[in-house]
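Visitor: Can you make the complete structure from the sequences, with help from the hints?
Which chain is which? The protein sequence lines are E and D, in order. Each residue of the first sequence is one higher than the last, beginning at 290 in our numbering. Each residue of the second sequence is one higher than the last, beginning at 290 in our numbering.
Warning: the hint list may mix true and false statements.
If several chains are the same, the list does not tell them apart, and a pair holds so long as it fits within one copy or across any two.
Below 20 Å or equal to it, Euclidean Cα-Cα: the simulated SDA-like pairs (lysine to any residue) are [to be verified]:
#, residue 1, residue 2
1, 517, 321
2, 297, 387
3, 708, 513
4, 297, 514
5, 517, 696
6, 302, 588
7, 439, 405
8, 708, 317
9, 297, 706
10, 297, 598
11, 368, 740
12, 649, 570
13, 348, 371
14, 368, 411
15, 486, 323
16, 348, 457
17, 399, 706
18, 517, 353
Calculated from the structure, these hints are not laboratory results.
There are 2 protein chains.
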Amino acid sequence: MSTQVSEKELLLKLRPFLEGQDSEGLVTELENYRPEDIAEIFWDIELDDAKFLIKVIEKQKAVEVIRSLDPELQERLFKGYEPKEIADDVVSYLDSDDSVDILNILPTRKAEQVLAFIYDQEYAKNLAAMLHYDDDIAGGLMAKELVQVKHNWTVSQCIEEIRTQAEEVDSVHAVYVVDERNILKGVVSLKDIVLAKAHTSVIEITKTEYIAVNAYATGEEVARLMTKYDLITIPVVDSMNRLIGRITIDDVVDFIKEEADKDFQLQAGLSESVESEDKVLILSRARLPWLMVGLIGGLGSSMLVSNFEGDISNLPKMAFFMPVVAAMGGNAGVQSSAIIVQGLANNTLKSKNILPKLGKEFTVAMINGLVCSALLLMFNLIIGHGYNLSMVVSIALITVIVFASLLGTITPLILERFKIDPALATGPFITTINDVIGLGVYFSLGRLLLGI
Amino acid sequence: MSTQVSEKELLLKLRPFLEGQDSEGLVTELENYRPEDIAEIFWDIELDDAKFLIKVIEKQKAVEVIRSLDPELQERLFKGYEPKEIADDVVSYLDSDDSVDILNILPTRKAEQVLAFIYDQEYAKNLAAMLHYDDDIAGGLMAKELVQVKHNWTVSQCIEEIRTQAEEVDSVHAVYVVDERNILKGVVSLKDIVLAKAHTSVIEITKTEYIAVNAYATGEEVARLMTKYDLITIPVVDSMNRLIGRITIDDVVDFIKEEADKDFQLQAGLSESVESEDKVLILSRARLPWLMVGLIGGLGSSMLVSNFEGDISNLPKMAFFMPVVAAMGGNAGVQSSAIIVQGLANNTLKSKNILPKLGKEFTVAMINGLVCSALLLMFNLIIGHGYNLSMVVSIALITVIVFASLLGTITPLILERFKIDPALATGPFITTINDVIGLGVYFSLGRLLLGI
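Guide: Here it is as structure tokens:
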């Protein structure tokens, strides 16, 4: 069992070797650690130290470290490398999918120079072909390294082929069976090859009911298929069903998280997926639409409140509690809709019966509303806001919490029915509506009960 | 390539056979579909039809359908089954991890009855042992079915063992090497077994630098290790490092999504992971804490606004724009913090330099703030709120947007440094603070510029 260390511990151990440029000591120390762990300390060391470290450790391990680096760090590192170095020392040692990831990070001109320096012409051609696919579709995610056998071969011929390709293909989970035109006929598990007799024809043990994806399928679609059918690898085919690559599950993990990430963004009022490293205008564009929704809602609120100008001028204290009523409606509404949205996303909420859900939601909202209203009432009475105003505020609060909770429950279900992403209902949209409604309820109650 | 259909299409095709109780037609039609697809229509058919369907199709496929059902549907289905039926027709056909999932769904008494009816005593004992683990830790996620070989065996003995266990173990990705006390010595890939000579000693091709997890490791920890080190399977050991099971990546996919789901919940102000199927009191308990935070913030707002009672009574129009100022601060703040939180979660934001981020955030906020303020100014001038008030509102708006964005950027970074989940900063917490600050800015500006 290999040692596992935290980033900090490892950094503390390596620092003296890096500072003393002690390559021997560094290599000995690093032998105990996995490339994935070594990669993590690159956030905290200088570029020169990073290059020194990569230079001294054993080539295959160095390449694994580079492969495990975050794209941002790879980009930074490669600025210090010549195209020929990248071709000879990095790309030649990697599987095609990892090489393509690296070429995608480099500036186009530099990537082309790297391709030109690759000694293995066939490999360079493959990489160039793969670069044509976007990095978020099956063609951009796949690796070319796979074991493929012809449908009229025997099992012993297959084993011979696995032996030939073993150097190139790190991990073999399945063997793909194709015909003479390279059309995918099926998949054989390695287990079945181990267990079959040597002279058996491979087609006899081939599973022809396989699932494949087109090179232009989205990463999300690949992730959906692989998780639904519990697949470890999936073959990638072109429009003629010719085998062109394979994707392993570890390459689509990011897309598995995608749905949850998307919900998070919608909830936060971001209209596209952005990173803090993105350009100012992209960041601005992702945020403006939902700010506009908030602005329009805010104007609605202001117009609504302006109807109660007289009441406010008679009893300015009414204004004190506008924020708490509006905010609590927003909070309660988002809580309700988030539960529904997550239920829809995880498929734990397929039953279409809305009424019992609403009944339950009503009960929960009543309990929480009562607790909050009671506390607020106590506070207001103690602070001396008078019985009437305090009662109005608390009644408004409970009404708003119940109403917002029910709206938060219904809205995502309705959106789902109209094929709109229900997560919309967890963001600025529902908060804004609840703001307007909450204030309307509050001031109407005030007029009714206080007679102002 | 097998047919893929939508839930609706399949339902339309099967409906006539179900209504006519046409078992022959149903079986013929279902041959074209995978168990995972068939499972999806169970949401929309009656319990009786579900039982009929399960009864008529081939046993192994029927079990696969049941395995693929959502837990809620499994629970509903099993209410109509006797313990002996579950033991004979379902559990005996499944791998131990899937069987344990099903036993966990049943009421305790019924689960015990099922165990008593299992014919294979060894299997029943294994299941009983596995039931002791929670279903979200390694011991609860693992399967007992694995190929293990002794460290002093030859490759041909290993192949013989794989042959013996092949019936029981569906998919073999790795072979685990143990000593006579069952202590895990290492892992051999199936590829290396295929390629090795028959008389080679297995220990020669064993990878002893493996990664294993303890049975009590959390599901999140298992997911983290498997994704970090790109593992397809991981062995599970007890505290003495004895091999007791293995987990495959498809069983931890839910935990891979966990982090993103958790952020979503925190953002929505839910203090624990809840489903709409949970009990009322659990739902209420998950929501109250953050409602309280909102309430306290709301009281803060009301106390703050009360300082400006005179200003409001002089110019009640000031109250009209309280909601828009407060809401826009909240929206802008959440947008900023969501980008940082997601960057931290996906490790794309490890660089610790805060200043450039703040500079960029300031620019984005200025652009968006200017756009929103200008629109609001136009609207207010047109509607006739007067130049002075309109200017105050727009200046307050831009100030609040900029301030909230900077706060939204800094807060998650600070929380992260203090080892607090940064996603806290995307929820009611930041909205509430921004409410209070926004209103303070607004009224102070009003007093300053309007001289009320």
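Visitor: Each of the hints needs a verdict: does it hold here or not?
Guide: Here is how each hint holds up against the structure:
1. Proximity of residue 517 to residue 321 under the C-alpha cut-off of 20 Å is restricted to the inter-copy arrangement: shortest distance 17 Å between copies versus 38 Å within a copy.
2. Neither within a single protomer nor between protomers do residue 297 and residue 387 lie at most 20 Å apart by alpha-carbon distance, with minima of 27 Å and 39 Å respectively.
3. Proximity of residue 708 to residue 513 under the C-alpha cut-off of 20 Å is restricted to the intra-copy arrangement: shortest distance 18 Å within a copy versus 33 Å between copies.
4. For a Cα distance limit of 20 Å, the shortest separation of residue 297 from residue 514 across copies, 18 Å, qualifies, whereas the shortest one inside one copy, 38 Å, does not.
5. Proximity of residue 517 to residue 696 under the C-alpha cut-off of 20 Å is found in neither arrangement, the shortest distances being 32 Å within a copy and 41 Å between copies.
6. Taking the shortest Cα distances, residue 302 and residue 588 never come within 20 Å of each other, neither inside one copy (59 Å) nor across copies (51 Å).
7. For the homomeric pair residue 439 and residue 405, neither the shortest alpha-carbon distance inside one copy (32 Å) nor that between copies (49 Å) is at most 20 Å.
8. Taking the shortest Cα distances, residue 708 and residue 317 never come within 20 Å of each other, neither inside one copy (58 Å) nor across copies (33 Å).
9. For the identical chains of this complex, residue 297 and residue 706 are inter-copy neighbours only, at 14 Å across copies versus 49 Å inside a copy, given an alpha-carbon limit of 20 Å.
10. In the homo-oligomer, the alpha carbons of residue 297 and residue 598 never lie at most 20 Å apart, since the shortest distance is 60 Å inside one protomer and 54 Å across protomers.
11. Taking the shortest alpha-carbon separations for residue 368 and residue 740, neither the intra-copy value of 73 Å nor the inter-copy value of 58 Å comes in at or below 20 Å.
12. Only between protomers do residue 649 and residue 570 lie at most 20 Å apart by alpha-carbon distance; the minimum there is 10 Å, versus 44 Å within a single protomer.
13. In this homomeric assembly, residue 348 and residue 371 come within 20 Å of each other (Cα to Cα) only inside a single copy, at 17 Å, whereas the closest approach across copies is 61 Å.
14. Taking the closest pair of Cα atoms, residue 368 and residue 411 never come within 20 Å of each other, the shortest separation being 27 Å inside a single copy and 60 Å across copies.
15. Taking CA atoms no more than 20 Å apart as the test, residue 486 paired with residue 323 passes in neither setting, with 38 Å inside one copy and 29 Å between copies.
16. Taking the shortest alpha-carbon separations for residue 348 and residue 457, only the intra-copy value of 16 Å comes in at or below 20 Å, while the best inter-copy value is 41 Å.
17. Proximity of residue 399 and residue 706 under a CA criterion of 20 Å is satisfied in neither setting, with 49 Å inside one chain copy and 37 Å between copies.
18. In this homomeric assembly, residue 517 and residue 353 come within 20 Å of each other (Cα to Cα) only across copies, at 12 Å, whereas the closest approach inside a single copy is 30 Å.
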